[in-house]
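Q: Chains as they are written, first to last, in my numbering: chain A, 1 to 349; chain B, 1 to 349; chain C, 1 to 349; chain D, 1 to 349.
Worth flagging that the hints you see were computed from the coordinates, not collected in a lab.
Some clues are possibly wrong.
The list makes no distinction among identical chains, and a pair is therefore deemed to hold if it is satisfied within one copy or across any two copies.
[As the list claims (entries may be wrong)] With a straight-line cut-off of 35 Å between C-alpha atoms, the simulated DSBU-like cross-links for lysine-lysine are:
(1) LYS40 / LYS263
(2) LYS263 / LYS194
(3) LYS192 / LYS55
(4) LYS194 / LYS269
(5) LYS269 / LYS192
(6) LYS273 / LYS40
(7) LYS273 / LYS55
(8) LYS148 / LYS273
(9) LYS55 / LYS269
(10) LYS40 / LYS194
(11) LYS191 / LYS79
(12) LYS3 / LYS192
(13) LYS263 / LYS55
(14) LYS3 / LYS273
(15) LYS269 / LYS40
(16) LYS192 / LYS40
(17) LYS130 / LYS191
(18) LYS40 / LYS3
Number of protein chains: 4
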Amino acid sequence: MIKVKLVGATGYGGVGLIELLLRHPEIEITTLVAASDTGKPISHFYPHLAGLCDKMVYSADEVEAAAEADVVVYSTPDKVGMQLAPAEVKKGRKILDYSGDFRFNSTQLYEDYANRLGIDTTHHAPELLKDSAYGLVELHHRKIANSKVVGNPGCYAVACILGLAPAAREGLVETENIICDCKTGISGGGKKPKPGFHYPEAYDNAYAYRLTGHQHVMEVERELSLLAGNSIQLTFTPQVIPMARGIMACLYGSLPQGTTQTKVLSAYKDFYKDNPFVRVSDTPGSTGDVRGSNFVNLTVACDERTGMLRIISHIDNLVKGQAGSALQNLNIMFGLDEMTGLNFPGAHP
Amino acid sequence: MIKVKLVGATGYGGVGLIELLLRHPEIEITTLVAASDTGKPISHFYPHLAGLCDKMVYSADEVEAAAEADVVVYSTPDKVGMQLAPAEVKKGRKILDYSGDFRFNSTQLYEDYANRLGIDTTHHAPELLKDSAYGLVELHHRKIANSKVVGNPGCYAVACILGLAPAAREGLVETENIICDCKTGISGGGKKPKPGFHYPEAYDNAYAYRLTGHQHVMEVERELSLLAGNSIQLTFTPQVIPMARGIMACLYGSLPQGTTQTKVLSAYKDFYKDNPFVRVSDTPGSTGDVRGSNFVNLTVACDERTGMLRIISHIDNLVKGQAGSALQNLNIMFGLDEMTGLNFPGAHP
Amino acid sequence: MIKVKLVGATGYGGVGLIELLLRHPEIEITTLVAASDTGKPISHFYPHLAGLCDKMVYSADEVEAAAEADVVVYSTPDKVGMQLAPAEVKKGRKILDYSGDFRFNSTQLYEDYANRLGIDTTHHAPELLKDSAYGLVELHHRKIANSKVVGNPGCYAVACILGLAPAAREGLVETENIICDCKTGISGGGKKPKPGFHYPEAYDNAYAYRLTGHQHVMEVERELSLLAGNSIQLTFTPQVIPMARGIMACLYGSLPQGTTQTKVLSAYKDFYKDNPFVRVSDTPGSTGDVRGSNFVNLTVACDERTGMLRIISHIDNLVKGQAGSALQNLNIMFGLDEMTGLNFPGAHP
Amino acid sequence: MIKVKLVGATGYGGVGLIELLLRHPEIEITTLVAASDTGKPISHFYPHLAGLCDKMVYSADEVEAAAEADVVVYSTPDKVGMQLAPAEVKKGRKILDYSGDFRFNSTQLYEDYANRLGIDTTHHAPELLKDSAYGLVELHHRKIANSKVVGNPGCYAVACILGLAPAAREGLVETENIICDCKTGISGGGKKPKPGFHYPEAYDNAYAYRLTGHQHVMEVERELSLLAGNSIQLTFTPQVIPMARGIMACLYGSLPQGTTQTKVLSAYKDFYKDNPFVRVSDTPGSTGDVRGSNFVNLTVACDERTGMLRIISHIDNLVKGQAGSALQNLNIMFGLDEMTGLNFPGAHP
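Using the sequences and the accompanying hints, generate a full structural model.
A: As structure tokens, this is what we get:
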């Protein structure tokens, strides 16, 4: 069995990976580390795991936290993974990080990102950047397979990039006025209670936030620009709607002259024909169709009357947007089939 | 007191008006009529009204349904009001209709609308169309004051038209690639249970529907084209999110060269300076801020980096999107201040 | 107009009273005081009030907080009102307090209560206790009318006491095994975000808490014991369910030999015949029927097969359970009809 | 692989079993049958299954519906399984039925049950009743292992019986005034839209229903009476709360003289020591802790002050309350470990 040390075990991103690996035939979690909520079994903090995973949660400075591992997964905020990863890499361990720490493979790109977030712009492990991979398997399968360090993508970024990648690469959209209108469930904000996520404030309510400078925009622009061979800047509107899980991104841009719905649909199907987690359709879907699973459902719904490309992208922000992508990356990093342990639907309803 | 006969009393649009008129100082409901759920007090069907409104619900053919009234309100589906209104007008009564029957003041426009819906294109009261008014007070105050027949606007249309009207009239948006990305609460689908509105299907779920040809698009295009002096066609994406009440419409279009956020904000504030129900701001709001009230909250949030006009429009689909607009129209039709009986916030949370 | 100074204006209990008094013909809020969130208009914190109530929120030590008032309302935690009220009473002002500070009219009873909560047992205004009234109008109308100090009841207490009062007084229930199985909406926990109220934790979830020693139990036992002329101890199970507003309390006890559903129903109707906010029925209702209003809906549903009294009590925890009861008390304290400003249904749905 | 024919494949009970068996190592679904929604793949009706289970749904009279099977599962309403099962039994197939058809193993008990429901009291397969088993593994493991016909228990019944079984058998509760106060998520009402399950009616709302004569009461009384050796009649209050999944049952009864919390807790732990799906605790839990899984969480929380046994039982109504119990039964019926394919937690949050 491949051994995983999970740092940041007690957040939603951590517990999501624990749930997935409980049923994985070849990868197991051997060590749980967290900054707080330590000294008790993980099932104390997440009682649904009682009897299934009762491993102790250690703090990083405890001896048990240094146990053997083949890979260290950082389900931690920005700036944590980059500080701890170099020592692990020296021990020959692979790294998968959930934050922005390893999503950009130059210090300059990282600085831009950090500036946008308003955090310290110094990268503490620049030597790891060069060979790090952006962990979106559908676009970077080979690179991920060959990298020791992988940066798991942002949840919105997964929805937007996969939704627009075929159009960007195949020239099915004008690049100057792309819009990503993104609705997320509240778990996207993590485990920590905040006023806007307080049930009485969040129920029966919808609101937009951070109308400029959301940190995921950079990943989307970078990936789409690479595919288009052309610099893309896009308008991004993140919104919170009263659900726990799911992202629905409505993606718009102008259709080039002569580009039809039929052509776009066909190009999308072709682009993703070898990607088992991407389901392309021309009928409306729902976030419910991907809830609890690693699938991405893309609806191609161009409006030929107005000449507009319109793609609706649906993911579960905690699975394909986080822990599921993480496992998909782990599978690739260790030479397994990407669907291993992920080949299941969510529970309906 | 001004006397209202309410036809279609037992739907959400009817009960919303009943609730509002219970606290109105000058307008009262005297007669309740419905197609089904008759023969019992309205409080039998809506127990929250018990002791407050226990009026009997009659069918249209009962003698009590013919009682005196100053105005007849049709909270009914398409094609009902147009059949019943002519006889009422002959008795000197005014008409307010919630459906598309009187939103278009020529038979040709009505035919286009009916075609889009796939319903019979014949208008049964063409003689009433010419002087009918489109019941959006912020744009048609004078016409409504002078009309005997008013067509209450569609809920999405209220959110989109008010969100784009200043930009359209003042040339603050290019007219060829406007997008209305609209999220609605489920009450927008009415009282009748349907699969997509079944709680286990609708909770924790978001989905788009009717991706071409939503019936409200025509109203929006007509009104904006009139304001812009230019034919506008827009891309409209209606979406259902798991809330009961509220519409959040994200409205996009290209900013003309040199048009800034400051200029747009100022133009919006100016446009609505005499409209007490429209609150313009440059900070993000929420549907919760307008829930249960007749207010429209507009956030002006242009993205200067990408050259995009972005307006976020928030209404309560059952109040400003339906019964509240209806009362606002009634107030104007009878020479009252438009805020009478509507000058209150919703209950928070 | 009667002038209200509201202390604790920025919590749910405060804003609820603001909303109600905006439409009250004879009582107005003149001063808003809070411990935090000061120095800005209340509409900054509650944008739904923008344009309707933009009064500044002051801290208690600012000069504006000392403005004239006929009554001071403390929508504050335990121990606040008792410290501030004596000075106000000396100025001739009446007091209405939302906490447990004035619900018990002896220091000994207060000590028992404080012990149960694990708070300091010293009462700082013992001289005000003797003539204070327990603010449940249906039981203490006369006392409230004649008291300068009124303790607004706890939300669960309102549901349970009104649900069991007729049975207790009329001997329709055995007193030794009464059960109050109480489900509350999450706003009952107030405005402050906490882990159990975080949307992703609270949605699609139900849980019981504080299984012994909930602070409201004492009020219920005291009131029912007084009515029964017999000491009553009851089993109380508070539960949180995924809704924002509402309490549904299922109340059980053994029927004395020969006590039938018919007799109980008749006794309940008789008991409340002069109480306009209590609606007694023998058919199942819902919290939705009282949502947003000051009504209490009681379903009398004895199970004759098993000899069990069963009453289901429905209130809105923020209205009849808090701000609505507060206004009902204010009406009585100032000689107004108890329904003034409260005679309306909530909005459905 | 053991072959399952699933009749009633398109309801929640059917799709739940499909989801579970997709990941089962030894049991597979080979045939899907339904009364409506036929002629298309199951993934047409449940798009979350696309690519994972695209089997065609057949009507019972199609030749494909007669394919080979080791067991036929009826996820169907009352009266369906009893008509179809005899022919299947003759072919040597085992039967598992979700309805009340095989929960009672005498025609007389069935008549009582049918009378309570107001349905035809004739049992059409009386010859199968005698050896049928009540499919609650924790109580009837051996019988289920040896039966050809098993009646899957009702969802409420699972929560109540498992919550009270140890008390009933060990004499830890007086038998004459037991109360089951049961809160269910809305999926308990099935897939069919109904007014009380319409999102705008069901959200932020709680209500009790069928206050006498719920059909699950009989199973609970029968099982508890058998365990107690004493006829038990109980008061049962089914309630709908705004969640999709989960049952929380608060179970009450008088403690016999001298029975303490410690003793009860110990007895419960002992009773279930060999039952891997039952987790006994003395701290409050939540339905969230069992959501999406086959576990039953029991909180033992006696109120010694009032002498009351109080057990809070939490299950997922669609898993342990339906498809999970079904699979647990199938495992036992075919000699597999009962946890096979069920040994996992739900996804949190």
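Q: A separate judgement is required for each hint: does it hold in the structure or not?
A: Do the hints match the structure? See the list:
Only between protomers do LYS40 and LYS263 lie at most 35 Å apart by alpha-carbon distance; the minimum there is 27 Å, versus 56 Å within a single protomer. For the identical chains of this complex, LYS263 and LYS194 are inter-copy neighbours only, at 34 Å across copies versus 45 Å inside a copy, given an alpha-carbon limit of 35 Å. Taking the closest pair of Cα atoms, LYS192 and LYS55 come within 35 Å of each other both inside a single copy (22 Å) and across two copies (32 Å). When the C-alpha separation of LYS194 and LYS269 is checked against a cutoff of 35 Å, the pair qualifies only between copies, where the shortest distance is 32 Å, while the shortest distance within a copy is 40 Å.
In this assembly of identical chains, LYS269 and LYS192 lie within 35 Å of each other by CA distance solely across copies; the values are 34 Å between and 39 Å within a copy. Proximity of LYS273 to LYS40 under the C-alpha cut-off of 35 Å is restricted to the inter-copy arrangement: shortest distance 23 Å between copies versus 45 Å within a copy. Taking identical chains as interchangeable, the C-alpha atoms of LYS273 and LYS55 lie at most 35 Å apart only when they sit on different chains, with a minimum of 21 Å there against 40 Å within one chain. When the C-alpha separation of LYS148 and LYS273 is checked against a cutoff of 35 Å, the pair qualifies only within one copy, where the shortest distance is 27 Å, while the shortest distance between copies is 46 Å.
With identical chains, the CA atoms of LYS55 and LYS269 are at most 35 Å apart between copies only, with a shortest distance of 22 Å across copies and 43 Å within one. Taking CA atoms no more than 35 Å apart as the test, LYS40 paired with LYS194 passes in both settings, with 25 Å inside one copy and 21 Å between copies. For the identical chains of this complex, LYS191 and LYS79 are neighbours both inside a copy (19 Å) and across copies (32 Å), given an alpha-carbon limit of 35 Å. Taking identical chains as interchangeable, the C-alpha atoms of LYS3 and LYS192 lie at most 35 Å apart only when both belong to the same chain, with a minimum of 28 Å there against 41 Å between chains.
Taking the closest pair of Cα atoms, LYS263 and LYS55 come within 35 Å of each other only across two copies (29 Å); inside a single copy the shortest separation is 52 Å, beyond that limit. In this homomeric assembly, LYS3 and LYS273 come within 35 Å of each other (Cα to Cα) both inside a single copy, at 32 Å, and across copies, at 32 Å. For a Cα distance limit of 35 Å, the shortest separation of LYS269 from LYS40 across copies, 22 Å, qualifies, whereas the shortest one inside one copy, 48 Å, does not. With identical chains, the CA atoms of LYS192 and LYS40 are at most 35 Å apart both within one copy (19 Å) and between copies (27 Å).
Taking the shortest Cα distances, LYS130 and LYS191 sit within 35 Å of each other inside one copy (32 Å), while across copies they are farther apart (47 Å). Taking CA atoms no more than 35 Å apart as the test, LYS40 paired with LYS3 passes inside one copy only; the shortest distance there is 21 Å, against 43 Å between copies.
Checked against the numbered hints given earlier, the structure satisfies every one of them.
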